[in-house]
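**Student:** Residue numbers (numbering that gives the first Met the number 0), protein chains in the order written: chain A, 0 to 266; chain B, 0 to 214; chain C, 0 to 245.
Just so you know, the hints here were simulated from the structure itself, not pulled from any lab data.
On a predicted model such as this, the values are computed, not experimentally measured, just so you know.
Possibly wrong hints are sitting among the right ones.
[To be verified] The calculated lysine-lysine pairs, modelled on DSSO-like cross-linking and capped at a C-alpha distance of 30 Å, are:
(1) B:Lys123 <-> C:Lys161
(2) B:Lys124 <-> C:Lys161
(3) C:Lys75 <-> B:Lys124
(4) C:Lys68 <-> B:Lys123
(5) B:Lys124 <-> C:Lys68
(6) C:Lys161 <-> B:Lys126
(7) C:Lys159 <-> C:Lys114
(8) B:Lys126 <-> C:Lys75
(9) C:Lys114 <-> B:Lys123
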Amino acid sequence: MATTASFFETPGPIERRRIRLGILGGSIPIVLLLALAAFSLHEQGLFNPERWEVLTTPDLLVALGKGLWATIKVAIVSVLLSLVVGLLLALGRLSHRKWLNTLCRIWIEALRGLPELLLVFFIYLGIPTVTGWSINTFWALVVGLVLYESTAMSEVFRSGFMALPRGQTEAAHALGLRTVKTLRFIQLPQVVKLVLPSLVSEMVRVTKASSLGFVIGYTDLLLTGEHAIEFLGGEYAVPIFAAIALIYVVICLLLGKISSLLSQRVS
Amino acid sequence: MNAVIENFDVFIAAFGKTVLLTIISGVISIVFGLILASFSISPSKFLRVVNAVYVGLMRNIPAAAHLFFTIFVLPLLGVKLSFFALACIGITVYFSAYFSDAFRSGINSIGRGQLEAAQALGLKKSKILRQIVFPQGIRNSVPPLINTMIALIKVTAIAGVFGVTELFGGMLQLINTNDSAVIALMVFTALLYSILTIPAGYIAGIVERKVVFTT
Amino acid sequence: MPANEPMISIQGVEKWFGQFHALKNVNLDVSPGEVVVILGPSGSGKSTLCRTINRLESTSEGRIIIDGKELPSESKPLAQLRAEVGMVFQQFNLFSHMTVLENVMLAPVQVLGQKPAEVRERALQLLERVGVEHQANKRPSALSGGQQQRVAIARALAMKPKVMLFDEPTSALDPEMIKEVLDVIVELTGEGMTMVVVTHEMGFAQTAADRIIFMADGEIVEENTPAEFFSSPKTARAQDFLSKVL
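Required output: the full structure, derived from the provided sequences and hints.
**Tutor:** Structure (structure tokens):
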């Protein structure tokens, strides 16, 4: 989240006046442009209240609600699976077995360089082609997203493990705990606490990425919007889009807020 | 494999379009990002709020929704531009916010002491910007800038769904006519994306180790 | 009576950090050529006071006058005034993207508009004087803390300031480097420079100061000559402080 604290010193009264004049002057062309755009939108009747009343139509609200639930479902399942896969990848990267370490590194770097959309397609078109199984759009989307997001999560976990003081594992080993038990009782609880805030902000990313379901025909929030615009007519495109954008912004800002609250509590 | 070789020229053209889309929207986004970032360090609270609101809104709308708006909704409002140009607008609106944050993180990594030392020596604000903030801030911004650029390359794929025949769009068209070679076509597309993104990631890592000032 | 006019005059200065009262009605005059050392426990406001003198810290109330001119609040005249006040920081704060020589040359060229060739010569002389002439073309990060701090002093001196402010100049240094920096500062006292030094180095305070200011809880608790302050402090708080640090 962008902060609004001052980088330079507080300006004196004369300077403040000059800054205000500068902004006023500089914003004239922008204001003119916006006014022009607003005028042409007005010509098209965009500010007509009737256009916006569409957002109170019960059918539309129900449809958007279903779309939102579909989006949330994908986001939650993807995040949970990415957590598990990401943790395994991170442990692989931290492993002393060289082949495992290298394998995980190549896997992570190869996937991180690819568009998420392409990965979703790999699953959606590739799985049926190779195996002959059919896969529905929900799981195609989830698996595609997990392929990508788990690599991001693994980096978060890895930096969490590396931030742990060495003494913690050494003390555990000295007490006679085996590697798995050390991991389970000593390292993981601390790491999870450490990485919790960045994991929540990863959720923001997954929520946004879930809108790629739109492309393979998974009826998420965005695709619901498109259907609604096609059904109700192009003149309702702006109000419907505005509502969808607002829903995304609110969800992501809320998650961002949770993340910063968590990081305050952790530190 | 034959499908790839036969359609090599289609891939090359599509790859070129991805590069073009990346460069055009990347450069414009960087310029807007720099302007927004300069708002964020300005002494005017109004400008700082403008940056915060823009970044807070635009970053949190998914890329697919941005492109949906510019390519699908804008023409309904009478905007008559090519899909390519509309895709550039959508990507720019989205990534200006990310580039603003990239520059801001670079500038904020300059130690408070550097600024105070310059103030104590009697340097004017404009000279502090030119002599201290820009040279250090821009260099510190390079790794996040490259990483943002990589993200941008990957987002251009979404334009392929909206009628732009860049790499992903080109692949979709080829898949339509060669549905027996789906895997080969997708793997080759992945390879072409990797050519762009993986070396860039390595460069970012090297730059981070070599160039960034730690104060 | 220009001879008696103070170089620095701090009058009724108050400073709040939110709810925290950092400076309480501070009054202090420093004569030209005088060396004032400010002592006090950490959190006593001594660093804050030092930083208000060139307005790196703004004041909530009160006036600060340097060589007859009140500190302005607009940045342009403030920058002009700051150019006449040298400052040395605890963390050195050398510009990390410039060489040592460029650090020293920056302000005379950019602020005073002097010719780079002349400035260069003077900068090299100053670096020689503080004993780091061989490091002139290195980056600050290649130098030891003591060397960096001596460069920082040279950088401030290059502006030919009327006043030098030292904000805990040796607190961030390893013990073996403290002396090399203090030697440079002591040498300056012999040249009639007006100086305000915030420090924890009692030995330095004893030998170099013309006057000791003792602060606690944002107030000036005691003003005294070094001889008397260290042998028979007037206030109980100063006695308590000295019993802990000596």
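**Student:** Next, verify each hint and record whether it holds.
**Tutor:** How the hints compare with the structure:
As the CA atoms of Lys123 (chain B) and Lys161 (chain C) are separated by approximately 19 Å, the hinted pair is consistent with the 30 Å bound. Only pairs whose Cα atoms come within 30 Å are accepted, and Lys124 (chain B) paired with Lys161 (chain C) is accepted, the gap being roughly 22 Å. For the hint pairing Lys75 (chain C) with Lys124 (chain B), the CA-to-CA distance comes to about 8 Å; that is within 30 Å, so the pair holds. Distance restraint check for Lys68 (chain C) and Lys123 (chain B): the Cα-Cα separation of roughly 19 Å lies within the 30 Å cut-off, and the hinted pair is therefore satisfied.
At most 30 Å may separate the alpha-carbon atoms for a hinted pair to count; Lys124 (chain B) and Lys68 (chain C) meet this at roughly 21 Å. At roughly 23 Å between alpha-carbon atoms, Lys161 (chain C) and Lys126 (chain B) fall within 30 Å of each other, so this suggested pair holds. At most 30 Å may separate the alpha-carbon atoms for a hinted pair to count; Lys159 (chain C) and Lys114 (chain C) meet this at roughly 15 Å. A distance of roughly 11 Å separates the Cα atoms of Lys126 (chain B) and Lys75 (chain C); the hinted pair therefore holds under the 30 Å criterion.
Restraint check for Lys114 (chain C) and Lys123 (chain B): satisfied, since their Cα atoms lie roughly 18 Å apart, inside the 30 Å limit.
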